[in-house]
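First to last, the sequence lines map onto chains D and E. So the first sequence is numbered by my numbering: it starts at 17 and just counts up by one. So the second sequence is numbered by my numbering: it starts at 17 and just counts up by one.
No lab work stands behind these hints, which were simulated from the structure alone. A portion of the hints provided could be inaccurate.
Stated by the list, open to error - Derived, one-sided and incomplete: chain D residues facing chain E with beta-carbon distance under 10 Å:
no.: 1; residue: 28
no.: 2; residue: 39
no.: 3; residue: 40
no.: 4; residue: 107
no.: 5; residue: 195
no.: 6; residue: 232
no.: 7; residue: 265
Here the structure is a predicted model, which is why all the values come from computation and not from measurement. From the three backbone atoms N, C-alpha and C, an ideal C-beta is built for every residue, glycine too.
2 protein chains.
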Amino acid sequence: MPPLAASPGAVQAELIGLDWGTSSVRAMLVGAEGRVLAEKAQPWGITRLPEGGFPAAFAALAGEWRSALPGLPCLACGMVGSRQGWVEAPYCEAPAGADAIAAMLAEVPGAGLRIVPGVVQRGDRPDVMRGEETQVVGALGDAARGLAVLPGTHSKWVRVEAGRIAGFRTFMTGEVFATLRGHTILGAFAPETAAEDAAFARGVLAAHQSDEGLAGLLFSARALVLTDRLEPGGAIAFLSGLLIGDEIRTASTAFAEAGVVPVLIGEAALCDRYRLAFDLCGIAARVAPPGAAAAGLWRIARHAGLIAGGSV
Amino acid sequence: MPPLAASPGAVQAELIGLDWGTSSVRAMLVGAEGRVLAEKAQPWGITRLPEGGFPAAFAALAGEWRSALPGLPCLACGMVGSRQGWVEAPYCEAPAGADAIAAMLAEVPGAGLRIVPGVVQRGDRPDVMRGEETQVVGALGDAARGLAVLPGTHSKWVRVEAGRIAGFRTFMTGEVFATLRGHTILGAFAPETAAEDAAFARGVLAAHQSDEGLAGLLFSARALVLTDRLEPGGAIAFLSGLLIGDEIRTASTAFAEAGVVPVLIGEAALCDRYRLAFDLCGIAARVAPPGAAAAGLWRIARHAGLIAGGSV
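Looking at chain D on its own, in the form it has when it is part of the complex (with noise of 0.2 Å):
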């Protein structure tokens, strides 16, 4: 296992990272700053563990490295902490920053393991997270302020003021896309086919530019096809335009500031679709580089004292 010598010259690995959500979980071997020297994904999100439960799923991903490399912190986020998952994590209240976020790490008794707290938004327009506050972490790193986008089943848009965590609002486009194709008349359309960039790029100007709510413009990508103003072989991609295209009309609403340019965090081809959703909205918003959530995970673990070097 090269990545794990500490031979002079090569990066020492400072942490056993995780990020465990609903449907997979992928282990890290983290080093210094965050970088990923080494890591396995397995589908056993919390919701699908394999025989034995949390703890054979950790010891099957992790077991090796904490042997080789004893000692060493582990620290996983995401929907692991849930009510649903291994241990409990309550939330940390927004505003948060990675300095709260680590002072309420939850410990699995026995375990050699802490988990990150998903942060919590009170008020009239509650909303929660669990995952992405460590992404986010990761990703815009000290900036004091910032927006960060992760597109998905959920969508997240985090605004970041003063260094932490100050606002965030989900968007379930994701879901209602997947459902939308799947269980209603809008997904009964041909496969889909080349035309498939410039429908995606219709549905979002649509969304955009209208001030319509989705229920009306969703029934708009039938009507197209009926009155042949669509191809039949667009519809799916023009229907996720529409919805990408309202989720940035509605959130940017809410979430646009001059001059912050949103940071996209996920995984790439998704944010590829989104920054181009972006561009037609005339918004230019960046893509992150990979590895936020080993780089917040590593962030986290340093203000909670866990690895040499203390307080960031």
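With chain D held as given, fit chain E onto it using these hints.
Okay, now just chain E, sitting in the frame of chain D:
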């Protein structure tokens, strides 16, 4: 069969009308002014026909009446005239009055049945309806101006100008609600409880007072429950309120006109729910009396010269 007898003083049957949709069909013996003298319903929508298909279903529904009252015209509206129906009745272009619709009836060869065309709206915001045009003609009668709202799987908002269907828009409110309840985390809450009405009202107001998109509002149902600000038993009603409130907010922007009272057409319980939602949004709406489809079929049949009395 007392309603069939043409005894002095009794209302005479003038038409056999069928409201034939995707999932069910209703056959009505219709007298003067669209009064329903007798009716039969079957779950034989165009996607679930009995053995023998359309001819067998039509014979089972209308056969006795046709034998007892030979020569009575038969007129159907709804998805039975779509490409997937019995015979396609090409769309009538909006703006369309009862006369224009009546001029485009499609005949089912050899069956003794005519089918009302749907209405298509062309242009940048195309849309289609099939069946609703007949209900609007029935419920608004000779009104020169009006706004009909037909809640359901695909809600329609229909503007009548100069006595014709001038413009309309479809909202997938009912389908989106059923899909989200059935296939997303939003449906995973406890069964509905007595808190339902209050939660519904809260959802309506949250959507109506917000300029947020649906994808963001949807997650708020879950977040409110997670932060103990909404009882789990009220989450589904809150979701229903959100969707209806969002429809009313966005549709009103496009369709509301001073002095025009929206007329709700459809199933009584659903119309009552919408009327409550309109009230909460500060809009006085009224519910049309039942029988809109029968009245519309009768009026269209008169315009088509199928019923003595000619053009109304």
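For each hint, the structure was consulted:
1. 28: violated (40 Å)
2. 39: violated (13 Å)
3. 40: At about 17 Å, which exceeds the 10 Å cut-off, the nearest Cβ of chain E leaves the hint on residue 40 of chain D violated.
4. 107: holds (9 Å)
5. 195: holds (5 Å)
6. 232: holds (5 Å)
7. 265: holds (7 Å)
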